[in-house]
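*Asks:* Respectively, the protein sequence lines represent chains A and B.
Taking the working numbering, the leading residue of the first sequence gets 1, the next gets one more, and so forth.
Taking the working numbering, the leading residue of the second sequence gets 89, the next gets one more, and so forth.
Because the hints were derived from the structure by calculation, they are not lab data.
Among the hints, erroneous ones may be present.
To be verified - When the alpha-carbon atoms are kept at most 30 Å apart in a straight line, the in silico DSSO-like pairs for lysine-lysine are as follows:
| # | chain 1 | residue 1 | chain 2 | residue 2 |
| --- | --- | --- | --- | --- |
| 1 | B | Lys-245 | B | Lys-195 |
| 2 | B | Lys-407 | A | Lys-58 |
| 3 | B | Lys-195 | B | Lys-207 |
| 4 | B | Lys-207 | A | Lys-22 |
| 5 | B | Lys-249 | B | Lys-195 |
| 6 | B | Lys-145 | B | Lys-195 |
| 7 | B | Lys-108 | B | Lys-388 |
| 8 | B | Lys-108 | B | Lys-145 |
| 9 | A | Lys-3 | A | Lys-87 |
| 10 | B | Lys-526 | A | Lys-22 |
| 11 | A | Lys-58 | B | Lys-404 |
| 12 | B | Lys-207 | B | Lys-108 |
| 13 | A | Lys-32 | B | Lys-249 |
| 14 | B | Lys-526 | B | Lys-594 |
| 15 | A | Lys-81 | A | Lys-22 |
These figures come from a predicted structure and were not determined experimentally.
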Amino acid sequence: MKKTIQQKVLDIIRDLSRSEKKLDDHTLLSVKYLDEGIIDSFTLVEMIATLEQRFGIKFSAGELTSQTFRTLAGVITIVEKNLAEQKK
Amino acid sequence: MIDAASANVAVLRNVFLENKNEVFLIDAGSGTAFTYRELEQTSLRLASFLHSLGIGKGDRVAFLLPNSIEGSFLYFACMQVGAVIVPINQRLHAEEILILIEEATPKAVFTTPFLLQEKGNMAASLGGARLITISPRFTADAQALRHGEPGAADLWKEAEKHTPISTRSFDTIIDADMLALIYTSGTTSRPKGVPIAFGKIISNAHTFIAFCAIPPGVRFLGTFSQGYLGGLYNTLLFQFIAQGSVVLDAGFTADVALRFWETVQTYEVTALWLVPSMLSIILSIDRGTVGETYAPRHLKFVLVGTAPLAAVVREKFEKRYGTALYENYALSETLFITTNASSLPQVRGAGQVIPGCGIAILDEEGHPCSPGVPGEIVVQSDYMTSDYFNNPEETARAFRDGAFYTGDIGYIDSDQYLFVTDRKKDIIIRGGINISPKEIEEVIAAVEGVREVAVVGVPHALTGEEVVAVVVGEGNDPRRIQEACMQHLAPFKIPASIHFVRELPKTATGKIKKHAVRALVLDTL
């Protein structure tokens, strides 16, 4: 079965995170991962690079510093928006 | 007669006196600013609070706290009463924290309710140490703010309740008194305690500031964790002696990295203290133009330390942000030894020795190397410690004939600039933080089926070095090894990759050849 963008993003985060905290999909999507120590600054760089590479997109400065980027649900929205714009 | 002790106390007193109304600390979270006068008055009251807890001169006090204004004030309160600051990194695993507590035997431990809960409620395992939980109000650490609990002590209320201690109590402090006890990972599995003497750290800061010609009023961004020496010295005490100010952020977290230049611009920061991996991260995730516009105009000093800076990172950063990087060389045991500065003819390597320090480069037989020839960096300085806390074996190994054998390899060129090129000692430096491979090896060796293990650091573009484990054993299941590491070690120590081999390269006497293991991993990669 083809994975959704959401599942792909969650897989990437779980793969990269060294946190002991095992969170379910719902919590992981809604939690402010930057505030909760889910990832450190090294992982953030890896996360951005992996998402950009896997989806063939490039986040803008505004997207990275936006409130939307602070939850994984928001990150997924930004990824989807970038992908939609590519199709135009 | 004025002895050296009172001279250093006088230095601190004068800083308070001459900067009363100047801002010293700014909380990057709320923007709240605190003057030198507020620091002095509050820390004297908190000193009285410490007295009420039975904490006095020479008592060790452990701090397991996020970066916060309250924690900073408590550090100064400890100085006022002559108590010894023992910073503990909040990212450590509970087991690692308890080892530090066991080694340092503090009289009290300050922490937050959240950290206490996160670390599995260590209260019962603190030995005789008194536990005090506080809820910082002024911190850029979102977790600490959100998880504040009303049951914990509010330091501001405690300060209000207590009458300031007499400033005369400060006069009893002498140069030899221990200001802090810093735990550092080394070649052994147990961390080593480095006693930092009051007189040595104050005079080291003074000398460094004068050598670099850092004028009063410079504003630094504090992104080092206060759970390390860097957070206590480089981005708190140093700025105090320099009569500058600090914008206190929550360490170099993912969040801090994302809004780095925005914070620098908002708080009109004029100096940075960074480690090489921070430079790489900033370069990688900064997609805006704030840094490029702000840095060349307003940044006066960008100091870099704790790990060797790759030339390519230096060039990229300097080119993009139009600001010179001044690399220095320092260790917990020695404090600052060398630095680059605008007063030097050139900016090269880790710079030149500051007054009061001497370096020798010695070969395997202990003979001095010629200029340009690498050998072990051996330091003799007015600021270095002379031993490890309650650790005669490690002391005898590293401190010989009044010199400190750093375990770092480097050379001095014909113009007296130091270049740090390699490490003799078996440690990994990831993101500027020392990690003991032995500590990780012990955890992995205990996993069922593992016969032998070697943990090494391999070069990594972002972190400087990444932790890699090479294992000989049955089963070959990396998940079990990862899980064991997660159960016992801090997240930053967990191997990024685990390789299985049939045997490890060894010397004729059966000792694992770490350089060969490292080469093996690099070949595989």
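*Asks:* Against the earlier hints, flag every one the structure doesn't satisfy and list their numbers going up.
*Replies:* 12 and 13
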